[in-house]
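All chains should be built: construct the whole structure from the sequences, respecting the hints.
When the letters of the sequence shown are read in order and numbered with the numbering used here, they come out as residues 1 to 145.
Calculated directly from the structure, the hints in this document are not laboratory data.
Being a predicted model, the structure only gives us computed values, none of them experimental.
It is possible that some hints are incorrect.
In silico SDA-like cross-links for lysine to any residue, where the CA-CA straight-line distance does not exceed 20 Å [as the list claims (entries may be wrong)]: (1) LYS77 / ARG102; (2) LYS38 / GLU72; (3) LYS38 / LEU61; (4) LYS38 / GLU106; (5) LYS77 / ASN51; (6) LYS77 / GLU106; (7) LYS38 / LYS77; (8) LYS38 / ALA63; (9) LYS77 / THR54; (10) LYS77 / LEU98; (11) LYS38 / ALA27; (12) LYS38 / GLU100.
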Amino acid sequence: MRRAAPRIWPLLLVAACASLAACYNDAPQYRNLASRYKTVTGRLSLRQCGNHNTVFYTFQLEAQSYFGESRELDCSKAAVGDPVTVFYDPVHPEVHTLTEPRRLYEQERGYHIPVWTLPAIFLPLLLILRTLNGMRLRRSTRSAK
1 MRRAAPRIWP LLLVAACASL AACYNDAPQY RNLASRYKTV TGRLSLRQCG
51 NHNTVFYTFQ LEAQSYFGES RELDCSKAAV GDPVTVFYDP VHPEVHTLTE
101 PRRLYEQERG YHIPVWTLPA IFLPLLLILR TLNGMRLRRS TRSAK
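Right, here's the structure in full:
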C-alpha cells in the first residue's frame, strides 16, 4: 500500500502570502510628512545629470544644516545655487523632500517587491502548482484503470 504524501502545499501557500505581505510599505515617514509638512527655501548644491538626473540640495533650520537628493527636478535647467522649496516634517526634520509630500506618499506606499524576494514568493507557488498538477495526474490515471 502506498503511503500518502504529506500535505505541504498549504504551508507553501502561507509562505508565499507571507512573503507578499512583507513587501507592503505603509511609508509612515512620508504619511507623517504629508499630514504636517512645512516648507523652507533651500539651495541646490550639486548636479549630477548623468546619475539618473540627480540634484543635491541643502537647507537650514534653527542653525542645523540638512542635505538631501532628488530626481524630480530637470537637472539640465537647474544650476548650483538655485533656490528650491524643501518640504520637511517639523517633528522629524531629517525627513524632507523636494517632491510635494502627498504625491510622494502615494508613490512610496503600496507593494514594492524587491528582486531578492522573488524566489521566496514564486518558488512556493511553483511547488504548489507542481503538487496540484501531480495530484491531478494521479487521479486521472486511477480513473482510467
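Right, here's what the structure says about each hint:
Note on LYS77 and ARG102: the hinted pairing is violated, with a Cα-Cα distance of about 25 Å set against a maximum of 20 Å. A distance of roughly 19 Å separates the Cα atoms of LYS38 and GLU72; the hinted pair therefore holds under the 20 Å criterion. As the CA atoms of LYS38 and LEU61 are separated by approximately 11 Å, the hinted pair is consistent with the 20 Å bound. About 18 Å separates the Cα atoms of LYS38 and GLU106, which keeps this hinted pair within 20 Å; it holds.
Of the pairs offered as hints, the one joining LYS77 and ASN51 holds, with about 15 Å between alpha carbons and a cut-off of 20 Å not exceeded. Simply put, LYS77 and GLU106 have alpha-carbon atoms about 26 Å apart, too far for the 20 Å limit, and the pair is violated. Straight-line distance between C-alpha atoms of LYS38 and LYS77 comes to about 25 Å, which puts the hinted pair past the 20 Å bound. With a C-alpha separation of about 17 Å, the suggested pairing of LYS38 with ALA63 holds against the 20 Å cut-off.
About 12 Å separates the Cα atoms of LYS77 and THR54, which keeps this hinted pair within 20 Å; it holds. A C-alpha spacing of about 15 Å is found between LYS77 and LEU98, which places the hinted pair at or below 20 Å, so the restraint holds. For the hint linking LYS38 to ALA27, the alpha-carbon distance of about 18 Å falls within 20 Å, and the restraint holds. Of the pairs offered as hints, the one joining LYS38 and GLU100 holds, with about 11 Å between alpha carbons and a cut-off of 20 Å not exceeded.
Violated hints, in rising order: 1, 6 and 7; the structure is consistent with all others.
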